[in-house]
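Engineer: Below, each chain spelled out in residue letters.
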Amino acid sequence: MRFGKYALLLLAVILALVSYGGRRVMPPVSGAVLASPIAGQPALVTTAGQGAEGLIVARMADRLALSYSYLFQATTHDLAGENSLIIVIGASPAGMQDISTTPPAEERRVLSLAQAAVTRHIPLIVLHLGGLDRRGGFNDRLIRELVPLASYVLVAGDGNKDGLFTRLTAARHIPLTEVANLNEIEMPLNSIFR
Amino acid sequence: MKLRCPSIPYSVETVAHNLVWLAGAAAFLISPWLAHWYQPLYNNVEVLVERSITSGDSGLLILGAAIFVFLRSATMLTFFWGGLVLGVKLPLSGCPPWARELLLPVALAGAVFVIVSRWSGVPWNYLAPLFALAVALILLPDLLNHYIILPTVVLVQLLLAFVWLDLAPALSRFGFGHGDLPGTIEMAAEFLHAQKVLNLVAIFWFAAFFISAISVAWLVNVSIKNQRRQVELEGLRAQAVETRVEKEMLALVHDLKTPLMTIQGLSSLVAIQVRDEKLGQYADRISGSVDRLSEMISEILHGNVRNMVTVDQLFDYVRAHVLLDAEDPTVVTFTSTAGMPGLRVNHIRMARALINLIENALVAVRGREGATVAVCAEGTDDGRVVLKVADNGQGVEPDYMNQVWEYGYSTGSSGLGLSFVRQVVESNGGTIKLISRPKQGTTAELSFPGGEEG
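Protein sequences appear in the order of chains A and B. Going by the numbering used here, the residue at position 142 of the first sequence is 142; the numbering climbs one at a time, nothing skipped. Going by the numbering used here, the residue at position 352 of the second sequence is 1352; the numbering climbs one at a time, nothing skipped.
Derived from the structure by calculation, the hints contain no laboratory data. Incorrect hints may have been included.
Unchecked claim - Here are the simulated DSBU-like cross-link-like pairs (lysine-lysine), alpha carbons at most 35 Å apart as the crow flies:
| no. | chain 1 | residue 1 | chain 2 | residue 2 |
| --- | --- | --- | --- | --- |
| 1 | B | 1247 | B | 1278 |
| 2 | B | 1196 | B | 1247 |
| 3 | A | 5 | B | 1439 |
| 4 | B | 1247 | A | 5 |
| 5 | B | 1257 | B | 1225 |
| 6 | A | 5 | B | 1257 |
| 7 | B | 1257 | B | 1247 |
| 8 | B | 1247 | B | 1439 |
| 9 | B | 1247 | B | 1433 |
| 10 | B | 1433 | B | 1225 |
| 11 | A | 161 | B | 1388 |
| 12 | B | 1196 | B | 1225 |
To be verified - In silico negatives: residues of chain B with every beta carbon more than 10 Å from chain A:
| no. | residue |
| --- | --- |
| 13 | 1039 |
| 14 | 1046 |
| 15 | 1098 |
| 16 | 1173 |
| 17 | 1178 |
| 18 | 1187 |
| 19 | 1214 |
| 20 | 1283 |
| 21 | 1401 |
Stated by the list, open to error - Label pairs and their computed distance ranges (CB to CB):
| no. | chain 1 | residue 1 | chain 2 | residue 2 | range |
| --- | --- | --- | --- | --- | --- |
| 22 | A | 4 | B | 1215 | 22 to 30 Å |
| 23 | A | 11 | B | 1326 | 34 to 42 Å |
| 24 | B | 1215 | A | 171 | 58 to 66 Å |
| 25 | B | 1323 | A | 13 | 57 to 65 Å |
Computed from a prediction, not measured in an experiment: that's the story for all the values here. In this text, a Cβ means the ideal position worked out from N, Cα and C, and glycines have one as well.
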């Protein structure tokens, strides 16, 4: 009992050390920017899963002086007049609860939006910025559905640690750019339009 | 026997104990509902994070982080507290302390943690709560045995400390800071280039709450030790008073010898001079009684004086001195096997020790249905005599088994604790063993070498 009460603390320390070994941030696989622009402005920016990263991309678009509109619940009607569609994948239960939506409803919205963009030959840019925290479950379902429809995929952090994005893009020859951290996506994002 | 601090009335202590573990159970049971109730409040954090991204104000991000820490700590507090309190206070007879105080809280808190985090949509990161629970298990069980509010304060501080660690981006590689909102906050901090600020704030608050928790726990521990010393001091004072009273009593007993000698001399003279046969027998009986009284006085005056006594004689003497209240329904039985060897003991002190054990047993069975105290004697194959005092009372908690022999612990009966009993038994060449099961009863076994007379 005297030493037994330290067992859980020891376990926690071991788990932290194991985590340190297993959660290293992946070095960028390809940090290159696109050789030539693939999409035009204005762009419609929305989020798939209501994570805050949609707003981050919108703020980056501000910094890059891109012409865009950010609608967190954009629908196919909002595609009118837009020359590109940026979907930022990041499922946040708190975010979805905040706007009283559900994962199935969110999935239907973004999928119909992406399919409408493909039908209208509007380039679809898929971004994933949340790393491993935004992987698994609903996030992976969105990734598997949206990435095959994309014209370009941008991944920040260790979100592609298991190679899911690589497999999905390689099969359809979709250009993929990985960057080490979130703020490094500005350059490849800019290269989409300029 | 339920041993306790003599200054705390038995019923008050029991009621308070039961109320605490009932409160623990209530807190534990309502914790999933509370967590569900807190869930919409997390939207405020989401809103603040989004406003910080939009405005570029990292202050709003820190405010959101603080609200997150408060909400997450409040959510976990109820089931962590409930689990810890149940582990310490739940009356589980026969359950070893490590299972009760370690495994039970971990199992209970872990189960609710998984349930409420699943409800939230994304499993919560487990590492920070695991650290908080691990440190709580080191610090709190001892404190919860004595206090409720102060250990709760310590637990709150530990939760606040470790949930803050969950928001330090620098620790994400160690497994901290994953999950929906912590991940969102760290992502926003990265975008706002506020990671250093968030690290600094998280580490600062972790250190502040952690140091405060350790300090409070240490102070409470010191206070508990002081209280124990106070009890020991009171015990020593009582022992000193007892010794003084004993000395005065011995002086008085010693003075009895003078008139006894006079009675003895005069009764011998009467026996010689009377012709009446009946009066002669009376004089002999007076002389015999005075001899026995004189022996008893010698045993009182000199603890090392030992005489042969049969078990029945010893039991008769003890039975005559056990006083039961008229309304006490307890059944006290004395049984002995015929033909057992006698005992060479100081039977006055031995009887006092047995009376003390019986009085302890009477306290232990008080208020229980079918309360029984059985005093019996058995002979063993190797010629020893085993005296047993068994009750079906409260029993002694395993944690206290080593403390019952210490001076200062008593059942509140005679005030002479088991230390006195053991001293008497051992000084008469015997051994004593206490066998107890909580809620089932206690048996004291006194074993002596048998004497030559039966």
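Engineer: It remains to establish, for every hint, whether it holds in the given structure.
Structural biologist: Verification of the supplied hints:
no.	hint	in the structure
1	1247/B - 1278/B	41 Å, violated
2	1196/B - 1247/B	75 Å, violated
3	5/A - 1439/B	26 Å, holds
4	1247/B - 5/A	49 Å, violated
5	1257/B - 1225/B	48 Å, violated
6	5/A - 1257/B	62 Å, violated
7	1257/B - 1247/B	16 Å, holds
8	1247/B - 1439/B	40 Å, violated
9	1247/B - 1433/B	30 Å, holds
10	1433/B - 1225/B	28 Å, holds
11	161/A - 1388/B	71 Å, violated
12	1196/B - 1225/B	43 Å, violated
13	1039	7 Å, violated
14	1046	5 Å, violated
15	1098	5 Å, violated
16	1173	5 Å, violated
17	1178	5 Å, violated
18	1187	6 Å, violated
19	1214	13 Å, holds
20	1283	68 Å, holds
21	1401	13 Å, holds
22	4/A - 1215/B: 22 to 30 Å	25 Å, holds
23	11/A - 1326/B: 34 to 42 Å	59 Å, violated
24	1215/B - 171/A: 58 to 66 Å	59 Å, holds
25	1323/B - 13/A: 57 to 65 Å	60 Å, holds
Of the numbered hints stated above, those contradicted by the structure are hints 1, 2, 4, 5, 6, 8, 11, 12, 13, 14, 15, 16, 17, 18, 23, listed in ascending order.
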